[in-house]
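Spelled out, the chains give:
2 protein chains.
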Amino acid sequence: MIGTARRRRDGEAKVRGATRFVGDMPAHGLLHARPVLAAEAHARIIGIDTEAARAQPGVVAVLTHADLPLAGGSGRAAEPLAREEIVWAGQPVALVIAESEAAAEDGAALVDVDTEWLEPVLDLDAALADGAPPARISARAGDDDSAADAHGGGGDEARGGDGDHGGAAASPNIAVRQRLQAGDVEAGLAAADHVVRGRFRTSWVHQAYLEPQSTLAWVEPDGTLVVHSSTQGAFMTRQGLANTFGLAMEKVRVQAAPLGGAFGGKLMIAEPLAAAAALVLRRPVRIVFSRTEEFSAGNPAPGQLLELELGATADGALTAIRGRVVGDRGGLGDMGVEALSALLSAGPYRWPAHDLTALGVTTNRVSPGAYRAPGAPPAAFAVETLLDELADELDLDPIELRLKNVLVAGDKGLDGQEIKVFGARECLERVREHPLYAQRHTLPADEGVGLALGFWPGGLEPAGAICKLDSDGRLTVVTAAADMSGIENAFIAIAAEAFGLPEEQVRVVTGDTGSAPYGGVAGGSKVTYTYGRAVERAAEEAKQRLLDVAASELEIAPEDLEVADGEVRPLGAPGRAVAIADLAAKVYTFAGRHRPIEGYGSTAQVSRAPGAAAHLSHVKVDRETGEVRLLAHVIAQDVGRALNPALVEGQMHGGTAQGIGWALLEELAHTDEGQLQGGTFAEYALPSTDQVPPIETLLVEVPAPDGPFGAKGVGEPPVCGVPAAIANGIAAATDIRLGVLPMTPARVWAELQSATVV
Amino acid sequence: MIGTARRRRDGEAKVRGATRFVGDMPAHGLLHARPVLAAEAHARIIGIDTEAARAQPGVVAVLTHADLPLAGGSGRAAEPLAREEIVWAGQPVALVIAESEAAAEDGAALVDVDTEWLEPVLDLDAALADGAPPARISARAGDDDSAADAHGGGGDEARGGDGDHGGAAASPNIAVRQRLQAGDVEAGLAAADHVVRGRFRTSWVHQAYLEPQSTLAWVEPDGTLVVHSSTQGAFMTRQGLANTFGLAMEKVRVQAAPLGGAFGGKLMIAEPLAAAAALVLRRPVRIVFSRTEEFSAGNPAPGQLLELELGATADGALTAIRGRVVGDRGGLGDMGVEALSALLSAGPYRWPAHDLTALGVTTNRVSPGAYRAPGAPPAAFAVETLLDELADELDLDPIELRLKNVLVAGDKGLDGQEIKVFGARECLERVREHPLYAQRHTLPADEGVGLALGFWPGGLEPAGAICKLDSDGRLTVVTAAADMSGIENAFIAIAAEAFGLPEEQVRVVTGDTGSAPYGGVAGGSKVTYTYGRAVERAAEEAKQRLLDVAASELEIAPEDLEVADGEVRPLGAPGRAVAIADLAAKVYTFAGRHRPIEGYGSTAQVSRAPGAAAHLSHVKVDRETGEVRLLAHVIAQDVGRALNPALVEGQMHGGTAQGIGWALLEELAHTDEGQLQGGTFAEYALPSTDQVPPIETLLVEVPAPDGPFGAKGVGEPPVCGVPAAIANGIAAATDIRLGVLPMTPARVWAELQSATVV
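Sequence order for the protein chains is A and B. For the first sequence, full-length UniProt numbering gives the first residue as 1, with consecutive numbering after it. For the second sequence, full-length UniProt numbering gives the first residue as 1, with consecutive numbering after it.
One thing to keep in mind: the hints can contain errors.
Claimed, not checked - The list that follows gives simulated cross-link-like pairs (lysine to aspartate or glutamate, DMTMM-like), each with its CA atoms no further than 20 angstroms apart: (1) Lys251/A x Glu250/B; (2) Lys14/B x Glu250/A; (3) Lys586/B x Glu250/A; (4) Lys14/A x Asp222/B; (5) Lys251/A x Asp222/B; (6) Lys251/B x Glu12/A; (7) Lys14/B x Asp222/A; (8) Lys586/A x Glu250/B; (9) Lys251/B x Glu503/A; (10) Lys251/A x Glu504/B.
In short, the hints are calculated from the structure, not lab data.
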């Protein structure tokens, strides 16, 4: 079964509308919550007048920060509603809870927030400037309260800079500073025959999942907080809610509901709001963000500034990389992607020396979250653009330059860990053979083919799984992993193969945190690699129980039996085969002599399975309008082993399309005062079908030694290199290089104009 | 911890009303179902007029048999509403479903069932008589439809009698006949110096749980039937519903809710009704039986007739036993207790020869179910009464007679299985030492002390369990076992002891059939013995994972570590101990290097752990009124190992009290037409506190080699011998022997009169 394209098991129910998302869940006595969002980007709260809202028919309560049963924690989860200070336009300031969604909305419109304006900090450059105004003046939850400027976070260590890369040590807005360095970068750059430098800016980009943040919460009579949520991490959410509200872990039960898209963005955004209201009101409360609330108060990918310089010898050997990656942490973010982005800005290459600094900066923007390969598309945009320039300067084939330096098995990554296996080389070789690569020099005017390599190290987290055979001979896989991006199909394939049943006889159940084995966040391209391995082991253990039953019933040693096609067969005597269902029926009975045909498996992967994807993007630039059209796109991705090529290709298509959004279209823009411009899908420029060219997917299979059947995560790698490939395509077509994403017609046109003028 | 009396963990929530029973569960859009019960005991259905009911405001539907989506199966579950024939007064004939309970009740009163009277068969003697009218004329579900009299069931084999014990081969009402025989009984009885004979009759007795049968069912959009029910067997209910409605097992999900009492009676009575309505109407439907419906349409313990003769040599060696046990199967019962009762009527004694026949008989009574030690109290009533008579005739001490013949380890039971360990001897010896036993000959007139030995072989069924440590260092046990009779406390004790945590740090979760490991019915005194062992193994496996983590963190081999008091300690270096919570915190993180601290365990016990309890009952008979008063009661029970003596004693108290109900009070009486007399707790004579004497509990601990920490089931054994002990007490006080239960004042008085007259 492994390696054959099959239809998605979860597809039909989703197409028919039979999947029950959180917003569809019936609940008796349900209340509906609507947040009141701050209008200003930065302000002190003088007072919140809730009287008119509370008088609104159907409104049950209007909660503000002081009403919430908060116990601690830090960051946004610990401050679900603004405390004394508003730190972004769109920050939830109050929560109106009503018997109907309409009443909640009407109530929210009547809440009057009285504020005193404070100067907003909206731009990373402005935030970093010496003497910049602080983006937050009050202490954040979880910070030491003694200093009003404690929002700076990292303290002495963070402030004590290395002096490199533009100082900024005097800014009150630097929350975190991290530095990753090894070797002698000065010497490396000095020894280089060519050094290239660049400054890159990428925008805030929303994950744009179809289903908004949705949580349903209630409190059982025994005090247990029960949360059904559109979350990527049931156990992580349990931990977060337990921290936020000071509850014992066993007094919080989280069920991950089917997800209508997430892409990294669904972790502890809506849950604290619904849970707080349920804890206060002791009734079920649901919050489903509106699309505008999503854009204003979600947790999109943050804007970044990247400055890199790198050198190489004349024969193309990279010598050193130096740089600084600045990530926007918004007003409340306790999580940033800048450190990971700094690591990834070195690409999957061997560097004799590196020196990379990451700065997390507080601004008056929304708090950032993870989005498919967090920090990777900006990093690849920077480093792959510079490598392209370097190849030009060195007059080397861009693939040859990369092949000369790309990491291979046995090398150590920037994190010092040895790489067991890595298919980046194979991906590059694969696109080199593609006709489009050969045609790149014979294209019409204003067309070009850009190349880039995307890289994702792959996440790790412990996971457990159960496999259990029912008395009718069908197998159930139980994990805590949310139903998202076809995970179910991977588990089914793995369990079916490991146990020996047809896929139709296997199903997956997502258990809640009370009853399911532990499992990490469904993200970071780690589900197949970690959970999947646990599923494989659980299925193997269950198979062993099945063989025990068969051995006892057939009086044949287990090692002389095999499982195939729904039967247990004595080796060499297929005529004596017994159907699995017949064996199962002997187990689950009064006075049954056999243990249940069940198995548990778990894993804690210690070696990563890094992913890579090489892209060729065929672009055409309209010099009149600056519009970039994509004529074709080729992606060669190392997928380890494609359990179901149809789903893997789906991930490659989706990642590439989202990369096109990063490259050409998407940007959460704001006014000079920091208010979001456009908060609907009509205004936010996602790639539409006419903007996505035919995508040719080339599956490169370099088996991951620790993955189930050699498989590994495939979700993140395809997005990483897309903006860089398109940028390099634009350069090939026009000789202009844009350092800014998205590369909108206006920006391209302006760059074309200045290039022409010069 | 094991062996110390502790408070029940589940007690507080139940006392505070915080336990959510099925009747308390909120459900959006819930419909309420009310059954229409047959008035006649036996009738043909001409028509059911539902028009007036359907016109009732709030009534959504009125369902009759033809409306139900039935697919097969047999017995009562396959015929939730009467098909063409009513076979007992109280049989559900229609189901009214309404928006409110009141509307459902009003609707039910308006359903008009038109019937043609058929002669009812209400009495076992009448049912067995040659030429008896048939209690059912139409074929039952699951029977071959070809013969109208196929209700007889067992077919040729069942009909082909052995001629012994009163024939009855010509009755159309014998559903099942089973015979258990070995050795030469004729020769054994001929060789006996004394032979005693008796005929015994016991009544229908209701389990009288406080919470009535309750089921909430709905259908998920993907077609899954979800059932939350007050059931003793989630997996058994799933299997039953899948069979009844022709659903794949994975399309039925059953959650066992906390039980407000069950005692064997809560299995597939309410579930088919609620599930059928939910499947038809596609809305959530709940049914909660009224108390009258409970008495009329539950599944109480059936009436029985027992005829036994047994012989012994002059020195008290038993030679042979012969007998017939007739059990009432009512009009729809596909499950009877007569075969088990026949087996148990030999008591836990060595018999050189036995010949015991069981007859299951169809009548126009409700279908029977299991009730705490099904068939055992009547069996012990018969055999222990006759042994008492035998001791009198042989002039032997009744305990000596029993000790001479009682089974001990190494003996084989009537089922041919060797007994590994058995504490009946120790129980008898224990009561022999009790002062009450010595005082029995020096009591005032009309007082007496009766002795009896009760015996329960113990059930077996495979079971699985999971133990998982949370990141805060607390342990969760997951099984499918319903929360009933303190099960939770046993699991907590076992897991705490096996893992090495204080009990307060352990909790139990009852998972549903979708996510929890398999487990059998919570009944037959097998939960602690089977599930408990699985819990022990799961905890041991989880502990192994904990030691792996500690070994890696402390760099000490796992075998040099011990777990105690919430810490992992290096042997000989307690100063280096690490708190379990601190180790747990290292596991459940991004890039965690340790597998989850979780374990799975399962069991399929193959050797039973039979239970025994010896009773002394001190009775006083009022010759004026026939009233029997209990002055004291002593029970010595082999409990294997008392995990929590407080709970074990609670079981001994409860079992004894229910045995007093059997002995003196309880009877589901009916009119000559078969209508139930009295259907409320005001009329049904449960023992009240003034009728239950102080009960002295003597715990005899003969460890069960395969039980967790030597423990075994303790629920059933205490009830078995109570009616016999009281009957023997009455004989000691008055010299009269009643062969009928309950021994009401009227019956005792009448017997005293006839004894006096003679």
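- Which of the stated hints cannot be reconciled with the structure, identified by number in ascending sequence? 1, 5
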